[in-house]
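Asks: Now for the letters of each chain:
2 protein chains.
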Amino acid sequence: MTQKKFNTVSLIRKKRDGRELTSEEIQYLIRAYTDDEIPDYQISSFLMAAFLNGLNDTEAAALTESMLHSGIVVDLSETPGKKVDKHSTGGVGDKLSLILAPIVAACGVPVPMISGRGLGHTGGTLDKLESIPGFTVDVTLDRYKEILKKQNLVLVGQTEEIAPADKRIYALRDVTGTVESIPLIAGSIMSKKLAEGIDALVLDVKYGSGAFMKDKEQATKLAQTLVGIGEKFGKQTIAYLTNMEQPLGNAVGNWLEVKESIDCLNGGGPEDVMEITHLLAGTMIYLGEKADSIEEGIEKSRTAVDDGSAFQKWLDIVEEQGGDTEVVKNPDSYPKAEFIEEVKSQKTGFVTKMDAYAMGMVSVELGAGRRAKEDDVDPAAGFILHKKIGDSVKENETIATLHTNNKGTLTDAKQGMADAVIISDMKPPVGKQIAYKVDKNGVHNYNKG
Amino acid sequence: MTQKKFNTVSLIRKKRDGRELTSEEIQYLIRAYTDDEIPDYQISSFLMAAFLNGLNDTEAAALTESMLHSGIVVDLSETPGKKVDKHSTGGVGDKLSLILAPIVAACGVPVPMISGRGLGHTGGTLDKLESIPGFTVDVTLDRYKEILKKQNLVLVGQTEEIAPADKRIYALRDVTGTVESIPLIAGSIMSKKLAEGIDALVLDVKYGSGAFMKDKEQATKLAQTLVGIGEKFGKQTIAYLTNMEQPLGNAVGNWLEVKESIDCLNGGGPEDVMEITHLLAGTMIYLGEKADSIEEGIEKSRTAVDDGSAFQKWLDIVEEQGGDTEVVKNPDSYPKAEFIEEVKSQKTGFVTKMDAYAMGMVSVELGAGRRAKEDDVDPAAGFILHKKIGDSVKENETIATLHTNNKGTLTDAKQGMADAVIISDMKPPVGKQIAYKVDKNGVHNYNKG
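Residue numbers (the working numbering), protein chains in the order written: chain S, 1 to 449; chain C, 1 to 449.
Derived by calculation from the structure, the hints in this document are not laboratory data.
Every value quoted in this text rests on a predicted model; they were computed, and no experiment measured them.
One should not assume that every hint holds.
Copies of one chain are not kept apart here, so a pair can be met inside one copy or by any two copies together.
To be verified - The calculated EDC-like cross-link candidates involving lysine to aspartate or glutamate, where the alpha carbons are at most 16 Å apart (straight line), are:
| hint | residue 1 | residue 2 |
| --- | --- | --- |
| 1 | K14 | D174 |
| 2 | K145 | E78 |
| 3 | K432 | E271 |
Just need the whole structure built from these sequences, with the hints factored in.
Replies: Below, the structure written as structure tokens:
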């Protein structure tokens, strides 16, 4: 990376005035900030200018590269084969990583997965994994490589060595109102993913009330930016735009989602979860060169569930990372939350709408999520939905069951859940789960073929 | 002022998303920043959002009020009469304050003038005053009131008690690329002027290459914002848009400009300087209720020069503030710069253009100005123009005389001066010095009556 010096104020003014920064200029800003040569107040001013005036694809790629090279880029060449990971932009009840990672690994594609924690209305894979007694997600990079080599799979958290500039810039964005910017989000995601040592990447970009991007067009733009950066770095990248208007599956909450994932790996589980799981897993298997097409990958994904090899891989990785396999084999033995209460329907009709964001906040209320980064989560807290959009419901029938160890939260949580479900007389049209596929060739309407 | 608490990030996001902040919200941001409850990096992000999305008149007034009340608002009621000041947005060769302040005071209107130092291509009134041996501009607020009461005039620098929030925010804007914003500039100017204790204000808003606002439309918008804020605070405010395409008068440099001002007060001096001086002074005399119209004020201004009362007031204030009146009476006794060199014309024709910005930078080069706030200035350095736009010039005739005590600067300065003057065969049309008058009733074309 260049060590050329620039005038920081001139670079801020350039972006402020809507002009394009060179890659060298962006590299200077990130490198000098990471080295404490530029103070927070100049970078926050730059970030706001970038937020409002945008960064084009070349600038976003330069930002990604600078953050990527602020730390270690892991060399996974000890593990043979094309390493493929999946990243989701986050939603409510999104436990897909827990299901597809063992499926894909069982199909012979190495999956080096570094995940994050939940914040606000969305859950995080690390919190879900940690609800399994003994499961550890904090490992060194050497151990990360070792687990992958041995299991073809590793499920851990970000280490200090991975993209430290991103960590620092993300923390600054969080307190300066500059989070929801497509190029800044894309740079943050891709710098971490590229640092993992992957060869290809599948992205699940969610839109709707339970997603970070409420708007489908914005989410599509994010998917295009992510794919553009991935391809620029020579990594095959395919994204799907998926619907987050209602929670994914029936379970929301850390252990409750692990339990639902175990059902899925054993051939059960909700249909909406398995539709997206097989699509993403099939695409990963295709990118990992263990299938000649995505369709063949999807077939292999289904077989890995049917023949038990995916569940076996799951047991293997739980054991490898210190988790209790007994509770995974017998999920009902897991200690239940102290207070379990049902939310009943006030009327008869059809569920026409669910506010996934509000439901995510109900799960936070019950103890399953975090309002601030420092908060602890309760592994047993959350809720199970008994109805989803399109289902018929009778007056006084149970819509959801709430689980919590904090009795004081129940009144608000029940009200929040009841308010989040709209019941009407008319059966609503069935929405599509997957809207678009985005790859290097562009945006494709998924439902038209 | 309210002590209500707000979420800082929410306020940044509100402005980022183009929404209007309430006066309470703006007051919170400024008060909490001044009290060290909000860090620099959040205010810089807010300032960039305000820069790009703007602040409307209500927001600009709230910003002004918050900064005004961060310090002392001086009570000048001990001095009878309506106190009137003048503020210029800064230019090259702008010595008008030195001439009009004694004129207006001599006409019976108290002038409490707090000025700034020069930076970059523009000079500052304080540097000019300090070129007079012994003249002190650093006084306490008590002494400030005492001088005004005694002399009907005071010419000093900003004290720590005046608008400290503005001082801090200005310093942050300077290093975060958020200087050139109309509402932020207006808030900064007006908070300081309102804190002085004035009853009315005349503004000289300059446009053209030698001004901060190059563009006439932008300068007009600034004038409107300044007048709007002044009137909102119940102070009669009148602004003039004046041309800064070429330096004002012939002298540029601290003592050289004082010397030209003395000529003006003695009935001489360049015509362009006296045209604007009498207009601004006449308007101040009118606002100070010592004339029934601006025209009558202009007549009184001319009389004060002709009858010697303005020059006598100048001698009085120089003496009051510790300056050497002998050198003011005999300006040729002032020690000259060591190196004085002429810049000659390369061709015969008419001066059609002068780059006032470039000439301002030549004066900085020679030692008359500052590149950074900490720099010292040389009181004797600068230049005298022998030609202005529209003048005919012969090959090898002197265009300008440079003055410096730093011989090493002469080569570049001579080249810079020669490059800044365009000579062509055609006599250019005569430009207007004053474009618009802006008052509470709107923008008026000055040259159409």
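Asks: Against this structure, judge whether each hint is valid.
Replies: So, going through the hints one by one against the coordinates:
1. Proximity of K14 and D174 under a CA criterion of 16 Å is satisfied inter-copy only: 15 Å between copies versus 23 Å inside one chain copy.
2. Only within a single protomer do K145 and E78 lie at most 16 Å apart by alpha-carbon distance; the minimum there is 8 Å, versus 80 Å between protomers.
3. Proximity of K432 and E271 under a CA criterion of 16 Å is satisfied intra-copy only: 13 Å inside one chain copy versus 78 Å between copies.
Hint check: no violations occur; every hint is consistent with the structure.
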